[in-house]
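> Same order as they appear, the protein sequences are chains R and B.
In terms of the working numbering, the first sequence has 41 at position 41, counting the first letter as 1, and numbering is strictly consecutive.
In terms of the working numbering, the second sequence has 1046 at position 46, counting the first letter as 1, and numbering is strictly consecutive.
Incorrect hints may appear among the rest.
[Stated by the list, open to error] Among chain B residues calculated to face chain R with C-beta under 8 angstroms, some are: (1) THR1229; (2) ARG1287; (3) GLN1294; (4) PRO1331.
Worth flagging that the hints you see were computed from the coordinates, not collected in a lab.
Quick caveat, the model's predicted, so the values are computed rather than measured.
We treat Cβ as the ideally placed atom computed from N, Cα and C, and that holds for glycine.
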Amino acid sequence: MSIKIPCPNCGERPLEEFLFGEVPVVPESITDPEERDFDRAFMRSNPEGPVVERWFHVYGCRRWVTVQRDTRDETILG
Amino acid sequence: MNPYMERKVELRWCEPKQSYDVVIIGGGGHGLATAYYLATRHGITNVAVLERSYVGSGNSGRNTTVIRANYGIPEAVRFYQRSLDLYQRLEDETDRDLMHMSKGVLWLAHSEMGVRQERARAEINQAFGAKTDFVTPEEVKKLCPPIDLSGGGVWPVMGGTYHSEGATARHDRVVWAFAEGAMREGAHVHQRVEVTGLTRVGDRVTGVETNAGPISAGVVLSAVGGHVTRIADMAGLRIPIRTHQLQAFVTNHYQLQFDPIVSSSDLLFYVSQTARGEMLMGAEIDRQPSYSYQSGHPFLRATAFRAMTLLPFLRDLRVLRQWTGVCDMSPDYSPVLGKTGVEGFYISTGWGTWGFKAIPASGEQLAQLIATGETPPLIAPFALDRFRRDRTLADRGSAGTH
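The shape of chain R in the complex, shown without the other chains:
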């Protein structure tokens, strides 16, 4: 059983066809632009719960898909 990602072009496809792309989240509390760059480069929010991510359908339509995923149990929320 493989996890399926809904691709708007190809329908539901197994996760192995996609490459993972992170959307960095820098907390609003960091205001200094230099600090925001540093945080974006190295620091991770690493949330336990739903996250918004970009997945690249490399073995399919070769387009980026926005996916909401729960990191606690890997369910795809849409």
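Using the hints provided, position chain B relative to the given structure of chain R.
Below, chain B alone, put in the same frame as chain R:
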């Protein structure tokens, strides 16, 4: 006496006190080893290790037990060689049978690039005290006869390195030995105590909130695996850690003795034989962050395919069980250790996929840091502020496998 029969482990349980000199969050190998070395090396015994489940229930019970020091950067070679030396003496020191077995690690290259990388690994290892030699394909065959040197015609073995001191040990016994040693000296280990918050006075961390009530502490060390971001958030700290799944599996019993631990950077997998004769295989981390303990068939299929290409005898074996651990990965594949910038709060994280082999050295060095307040030179390069100082430690020798 049957050497595999468990010797009795004497663990002295007790009720949590209101206050300790040192509180360690996380009752895995790293937390317990720190408590052990605090007690035995520095005489600090007013220590509590808090574990939300049972000791060794996290990654200490899910790893693939490889001990090696053949890393790719000087800082890491020195550190892991120290750990390897401590492991070799640990059975005598704790008087426990840890089933420590020196097997040698054979690291294979299947491309020109891979050969260059392995030559570099041998050079840097020898320069910093680890016993690693470059080997030709013929020597590989001699060290590990079942290998198909043609790699199924796809991944021919073009060379490799042999790290003769590479070893394995029984992971549960290492955890118990440290727990027993720490408790014998008077340290407290509390199971089923979950940290729910950190108490702070100004900028200083002065204790922890738990489901068993608040506990005040002179120093708090987070030795949590996987869920470390939750603890860092309580301290108001941003850390460069993302949590990923790492899977592994064992096959049924293989009757012949399979000596070295075979590993490959190009194929990103490794295989060793456990004391029970099971063939143990693992691969790289999953790319997406995840806290899930769910194993998957795609990993099993991909890893088994690569393993069978190199070691054809594996195709006659069956998969016995498969499991998953959650690893805390840093951006440069090196651990994050020591002071955090928050007073009274130390951290030991970023152990990713190489935590088990580091347990004694990390415990010893962190104990020294806690006892003296000064970061020992061996772990100074792994400080959290290395990212701010532009001194990251990108290590190709770890590269997310084992």
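> Work down the list of hints and note, for each, if the structure agrees.
Hint-by-hint comparison with the structure:
no.	hint	verdict
1	THR1229	4 angstroms, holds
2	ARG1287	4 angstroms, holds
3	GLN1294	6 angstroms, holds
4	PRO1331	6 angstroms, holds
Consistency note: the structure conflicts with none of the earlier hints.
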